[in-house]
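Chemist: Protein chains in written order, with this note's numbering: chain A, 1 to 193; chain B, 1 to 100.
Incorrect hints may appear among the rest.
Computed from the model, here is a short list of chain B residues facing chain A with C-beta under 7 Å [to be verified]:
id, residue
1, G12
2, I13
3, N35
4, P37
5, Q40
6, K41
Label pairs and their in silico Cβ distance ranges [said to hold, decoys possible]:
id, chain 1, residue 1, chain 2, residue 2, range
7, B, R24, A, N142, 27 to 35 Å
8, A, K163, B, W56, 17 to 25 Å
9, A, I124, B, S20, 37 to 45 Å
10, B, K41, A, I97, 49 to 57 Å
11, B, S28, A, V33, 34 to 42 Å
Some chain A residues flagged as far from chain B (calculated, every beta-carbon gap over 10 Å) [said to hold, decoys possible]:
id, residue
12, F5
13, R13
14, H25
15, S29
16, V34
17, Y51
18, L62
19, R66
20, Q67
21, D76
22, Q84
23, K85
24, F94
25, S119
Just so you know, these hints were derived from the structure itself, not from any lab. For each residue, glycine too, the CB sits at the ideal point set by N, CA and C.
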Amino acid sequence: MPDDFQDDTYLIRRKILTIFGAKFHVYNSHDQVVLFSQQKAFKLREDIRVYTDESMREERLLIRARQIVDFSAAYDVVDAVDGQKVGAVRRKGFRSILRDSWELLDAMDNPIAQIQEDSTLMAILRRTIGSLIPQKFHATANGRTLVRFRQHFNPFVLRLEVKLEPGADEVLDRRLILGAGILLAAIEGRQKS
Amino acid sequence: MPQEPYHFPGQGIEVLCPCSHQFRVPTSLRGGIVNCPSCQKAVDVPRGSRPEFLFWLCIIGLAVPFVLFAVISFAGGHFTAGWVTIGLGVLVIGGMALMM
């Protein structure tokens, strides 16, 4: 794993006002771009290629949906450098109606952690008021919070802070955490834009 | 011979890795990506026939209203509306087919 994934805090920035598709920048705690992705518009099957920078010469991660139409969509996350799948992120379709809920799976498709919106009340308020209340998610395993995803309020640029708690990488692969963050920004962000 | 890592009931889906190793995975991984138990590299799981069925269902579902509206327009003597509907139908359905 390269050094650029060793930070405990990342910021995912998604430009909403891009005409076709969306652009994502992932910054480390030193404000350096460690990942970049350009999401294509009009694609029925989500296929997000993540590169090391804007030149898009070196592919770093591949995030791909398993099905075109799937209520509980699952997205596989593959490390493009070593060519191995690191895990998957699965949206819990029914549960997400009221409160966004995702599952993190290991490379063998076994559930290892859950990502949930902070509270049902806030989730309902967000669905009624719109994007005025920024979203917050926690990734937890066995009752322990491993990662916090916190959206900053900005109507034009989606900014999602990803903060790893101490010991999070003992349970979760950092590449999977960043993949989940990019997906949250891409999927959840698109629902609100 | 590498050990098969997936344990599941039923038939599953057969995956053939470029390293020539053949193995089975649960149907929940259809269209997804798995690591080959032999070479450990990510390999695509076949999507099977379900997306093809969905594709045709979408195309037919979209085509029916366009055809109906065009027929009604022509029957009613509204030829411009009929041709516009056919043009729009070709654009929408063709676009859908290209995206899939």
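Chemist: Would you mind marking each hint as holding or not holding in the structure?
Modeler: Status of the hints after comparison with the structure:
1. G12: violated (12 Å)
2. I13: violated (11 Å)
3. N35: holds (5 Å)
4. P37: At about 10 Å, which exceeds the 7 Å cut-off, the nearest Cβ of chain A leaves the hint on B:P37 violated.
5. Q40: holds (6 Å)
6. K41: With Cβ-Cβ at 5 Å, under 7 Å, it holds.
7. B:R24 <-> A:N142: 27 to 35 Å: Holds: the Cβ-Cβ distance is about 31 Å, inside 27 to 35 Å.
8. A:K163 <-> B:W56: 17 to 25 Å: With Cβ atoms ~46 Å apart, the hint is violated.
9. A:I124 <-> B:S20: 37 to 45 Å: For B:S20 against A:I124, whose Cβ atoms are near 53 Å apart, the range 37 to 45 Å is violated.
10. B:K41 <-> A:I97: 49 to 57 Å: violated (37 Å)
11. B:S28 <-> A:V33: 34 to 42 Å: Hint holds: Cβ distance 35 Å, inside 34 to 42 Å.
12. F5: Non-interface label on A:F5 holds, nearest chain B Cβ at 18 Å vs cutoff 10 Å.
13. R13: holds (27 Å)
14. H25: holds (25 Å)
15. S29: holds (29 Å)
16. V34: holds (22 Å)
17. Y51: holds (17 Å)
18. L62: violated (8 Å)
19. R66: violated (4 Å)
20. Q67: violated (5 Å)
21. D76: About 4 Å separates A:D76 from the closest Cβ of chain B, which leaves it inside 10 Å; violated.
22. Q84: About 6 Å separates A:Q84 from the closest Cβ of chain B, which leaves it inside 10 Å; violated.
23. K85: Violated, because the least Cβ-Cβ distance between A:K85 and chain B comes to about 5 Å, which does not exceed 10 Å.
24. F94: holds (16 Å)
25. S119: holds (30 Å)
Hints 1, 2, 4, 8, 9, 10, 18, 19, 20, 21, 22 and 23 from the list above are not met by this structure, while the remaining hints are.
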